[in-house]
Amino acid sequence: MLKSLLKVVSYAGLFLTLIPSILVFADRVDLNTNKSFMLLGTVLWFGSSPFWMNKGKQGK
Amino acid sequence: MAKTSIKGHLDSVEEFERVPVPESHWKGWGSFIGMYAGEHTAGTEFVIGPLFVAHGVSAAGLIFGLLAGNFLAVLSWAFLCAPIAAKKRLTLYYMLEKICGKKLTAIYNVVNALMFCFLAGAMIAVSATAVGIPFGLSMPSLSDWLPNSAGWIVAVFAIGAITTIVAMFGYNQVAKFASIAAPWMILVFVAAAVAVLPQMGVESVSDFWGVAKEKIWTGVPLEGQSKFTFWHVMFFAWFCNMAMHIGMADLSILRYAKKWYYGFSSATGMYVGHYIAWVASGILYSLFLMESNFSTEFAPGPIAYRAAGLAGALCVIIAGWTTANPTIYRAGLALQSIRPKWKTWKVTMVVGMITTAAACFPALVMKLLDFVALYGLILMPMGAVILMDIYLIPRLGIKSNYAETYKKSFSMSAALAWILTLGFSLFLNLYFGVEIFFLGLPGWFVAAIVYMVMSLLIQKSKLRASEGV
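If you read the sequences in order, they're chains D and E. Letter 13 of the first sequence, counting from 1, is numbered 13 in the numbering used here, and no numbers are missing. Letter 368 of the second sequence, counting from 1, is numbered 1368 in the numbering used here, and no numbers are missing.
Next up, chain D with everything else stripped away, as it sits in the complex (with noise of 0.2 angstroms):
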């Protein structure tokens, strides 16, 4: 359950860091909001996915 959260949390982070640009791109959203988007999609990246990536695999 936490797992599936944080993959969540994870994706959104993505999404938040590639889809504000299309918007730019399209004139719905100005280049310093989309600034503040990737930023925020970072935290939530870095914040999330090491908690789920890597988990369980064969390590050396």
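Keep in mind that the hints were calculated from the coordinates and are not lab data. Take these hints with a grain of salt, some might be off.
Below, simulated DSBU-like cross-link-like pairs (lysine-lysine); rule was C-alpha separation at most 30 angstroms, straight line [said to hold, decoys possible]: (1) E/Lys1341 with E/Lys1102; (2) E/Lys1343 with E/Lys1088; (3) E/Lys1258 with D/Lys7; (4) E/Lys1258 with D/Lys3; (5) E/Lys1367 with E/Lys1227; (6) E/Lys1098 with E/Lys1341.
Following the hints, position chain E against chain D.
Only chain E this time, still in chain D's reference frame:
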């Protein structure tokens, strides 16, 4: 207590330097896809894409040159390097020791480690351009070769220290971090480029090609830069990692692969990192050139920050970091194989210090295209030697693993193959003006042929001598 615990952990880092990787430690697709995507979506991508723009490649030359060159690179990994890695499961350095002998391998390893250090150094320098932003660091320009401030050196040393410490904990830590950062990094590259397209005059998708031809990849080099064509781009894309695929350095990585065809996982690095990221960083640099009235400043950090804010600057730092890490790790393995009793982490620490010192010089960044091509060319001949030794030497009725078989510490065949290939390449360059990007292909055939002929001559004469006795 903590000190003892950390040292104990470092001492226990087992990298199978002199034995085949056991099946229990083989890794699945995921590790390699993440590793290649992360490694080739790197700090250098923020340099190479812009340098193509500076060298005046045309839009068609770039798009189709990258398509062809990256395809050839993936095939080189999949059909040359990975099958040997899965068959032998040994590091490049241990295989060379069996074929070339300890003395020649030691020479090769020093050269190899130095090249890796310089490459990793370039990536640390790229990261430093982003770290320096909040401190108002004076950024290097296209003509800078020496460090231009004390602040630059401090920034480089900070990044170098962190990179080295992570690399000291072994490949697994590197792979984990790279696989976590990779998906985010490529999205930052793409997002940064997409977000600035309107400022370049691209209002809709249909505008892109026209703007690409007229404003981004114009076909006109910047002042003082040579002109690049489709062929430059194709051969650069193919050979920029020549040391790793044709040169077999990635035996050390792919020996962990469950199957040989995991070599195709290099496609993630090629088509994401060496295609999308080069295109994206070229777009960002073109905007910088337009806005700065063609300034000669060349600093990926501020360029990414201008387009994507803090996320862009972080991307430059992390992109440099995730490539510098495995490169330092490889350099550590190269040196450690000279004295196997040395602890991997101690060697890695020394390598990290050399790398950090090299990173202080911006010349590594400004001449990156030439350096990358040179690095592949210098290390490639030994890849040809390994390939011939495994597949063709037994068919000639002579023995593979010459040094191990005959208990020799120096293989003259391999040494001549290496030296004559580099001599031949230098000759083509000096007397026929063949650019460094095009020397790898003829060089490979020279290395293969010289090694085969010399091995045949040397081993047959040994056989005749022993029969005579």
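Checklist entry - Is lysine 1367 of chain E close enough to lysine 1227 of chain E, meaning Cα to Cα at most 30 angstroms? => result Holds, at roughly 15 angstroms.
Next on the checklist: For lysine 1343 of chain E and lysine 1088 of chain E, compute the direct alpha-carbon distance and say whether it is at most 30 angstroms.
Outcome noted: Satisfied, since the Cα-Cα distance of roughly 24 angstroms is no more than 30 angstroms.
Next on the checklist: What's the verdict on lysine 1098 of chain E and lysine 1341 of chain E, does the C-alpha distance respect the 30 angstroms limit or exceed it?
Outcome noted: 18 angstroms, holds
Next on the checklist: Please verify whether lysine 1258 of chain E and lysine 3 of chain D have alpha carbons no more than 30 angstroms apart.
Outcome noted: Since the Cα atoms of lysine 1258 of chain E and lysine 3 of chain D sit roughly 27 angstroms apart, the hinted pair holds (cutoff 30 angstroms).
Checklist entry - Going straight from one Cα to the other, do lysine 1258 of chain E and lysine 7 of chain D come out at no more than 30 angstroms? => result Roughly 27 angstroms between the alpha carbons, so the hint for lysine 1258 of chain E and lysine 7 of chain D holds.
Checklist entry - Within a Cα-Cα threshold of 30 angstroms, do lysine 1341 of chain E and lysine 1102 of chain E meet the stated pairing? => result 14 angstroms, holds
In this structure, every one of the numbered hints holds.
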